[in-house]
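J.: As a plain string of letters, each chain reads:
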Amino acid sequence: DTEVTQTPKHLVMGMTNKKSLKCEQHMGHRAMYWYKQKAKKPPELMFVYSYEKLSINESVPSRFSPECPNSSLLNLHLHALQPEDSALYLCASRGWGGGPETQYFGPGTRLLVL
Amino acid sequence: DQQVKQNSPSLSVQEGRISILNCDYTNSMFDYFLWYKKYPAEGPTFLISISSIKDKNEDGRFTVFLNKSAKHLSLHIVPSQPGDSAVYFCAAVSGNTGKLIFGQGTTLQVKP
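Chains as they are written, first to last, in the numbering used here: chain A, 1 to 114; chain B, 1 to 112.
Be aware that a few hints might be false.
To be verified - Straight-line C-alpha distance at most 25 Å; calculated SDA-like pairs for lysine to any residue:
| hint | chain 1 | residue 1 | chain 2 | residue 2 |
| --- | --- | --- | --- | --- |
| 1 | B | 56 | B | 96 |
| 2 | B | 71 | B | 18 |
| 3 | B | 99 | B | 7 |
| 4 | A | 9 | B | 74 |
| 5 | A | 38 | B | 107 |
| 6 | B | 56 | B | 104 |
| 7 | B | 5 | B | 74 |
| 8 | A | 38 | B | 10 |
| 9 | B | 99 | A | 60 |
| 10 | A | 41 | B | 20 |
| 11 | A | 53 | A | 70 |
| 12 | A | 41 | B | 45 |
| 13 | B | 68 | B | 7 |
| 14 | A | 40 | B | 45 |
| 15 | B | 111 | B | 71 |
| 16 | A | 41 | B | 27 |
| 17 | A | 22 | A | 8 |
| 18 | A | 41 | B | 83 |
| 19 | B | 71 | B | 59 |
| 20 | A | 40 | B | 68 |
| 21 | A | 41 | A | 53 |
| 22 | A | 41 | B | 32 |
| 23 | A | 41 | B | 48 |
| 24 | A | 9 | A | 38 |
| 25 | B | 99 | A | 52 |
| 26 | A | 18 | A | 52 |
| 27 | A | 19 | A | 110 |
| 28 | A | 41 | B | 22 |
| 29 | B | 71 | B | 40 |
| 30 | A | 41 | B | 2 |
| 31 | A | 40 | B | 72 |
For the record, the hints were derived by calculation from the structure and aren't laboratory data.
Looking at chain B on its own, in the form it has when it is part of the complex (with noise of 0.2 Å):
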């Protein structure tokens, strides 16, 4: 049962437009949740979280939105650049110690 759900295995924009990378979930308990970037063979790089009491959270050329009725978040980059060209990773926090429950990420390519 996978909790967390990234359905989109890739994305291909052009440079200077906008990514929008989707997640979805299904724990209703779920109150905080992050984006991280991840390059091959190095660890995931922290971009963005937001907590479920918000709507939204912007960060520079990021912003995530979160729709908690629909169980939906999202990660929007503006503009996308070249080096944006990453596996994105959603993630939820379950519990008390922090557990980390992962999308299976979207592969985001940037074309110049």
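This is chain A alone, in the form it adopts within the complex (with noise of 0.2 Å):
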């Protein structure tokens, strides 16, 4: 099983609402990831997790705020979001399975600011 789980699949929010996206896997994965995606482009790093700590932030603004509350969940806090902050974003976890460095991603939130 290489399932990884995002709720909500789509999200409509106004820039001053505060609104959270999650992320769950059940394979034993110890790294997780964040993504964001806009059209016809590829996926851009935000923020990995490694053994629940955050190792690395891709200079992301602070309206976006990661938490991992243990090693299966994942959860991005959004805050004061602009509309060009609307995008796919997607998580990943790492592991073995397809091989040691395969990320394994979810099928997304797709989110909307107005």
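Put the complex together from the two separate chains, hints included.
T.: Next up, the structure:
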């Protein structure tokens, strides 16, 4: 089983709202990732958690706040977003399967900021 | 500076024929490469990977070839099927954190 789940599937929010994206995996992977993807572009890395600790922040604005409550869960808290933040947000986890470096992606959350 | 490049934005092939998707990289320190397939508004699906110690890896209809001296890899799909129509991303693993460096993607269309 190489499933990564993400909720919600779609999200519409105003620029003053606070919302959270959730990601879950039960593969025992110890590295989890948040990516942002705009149309016709490759995924862009935002954050990396390794063993539940933030190891990489790709200079992401503070209106995005990641959280890793335990080894299976990853959240992305959103506050005061801008319309240009509208994108597909992808979660991934890394572990053994296709290979030790293989990341498995969730289906994504389609976010629209109005 | 784009470290992973997919120079063909699109490719169209006939059903049953071979699809060849190409990828070039500049960083000789990359030691693991992956191919992902992506449908619109969905997450990328892992297809196949290859370690830099190998020059070929095969999984069913998918074969990845790696030419380290040329810093080039390719994905072969044989035979191509209409359901293979999607965007294909090549990615290289950078460093111990597993950070993926993606190419820009190639849109494959397989015509019936």
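J.: Which hints from the list above does the structure break, by number from lowest to highest?
T.: 4, 15, 20, 21, 29
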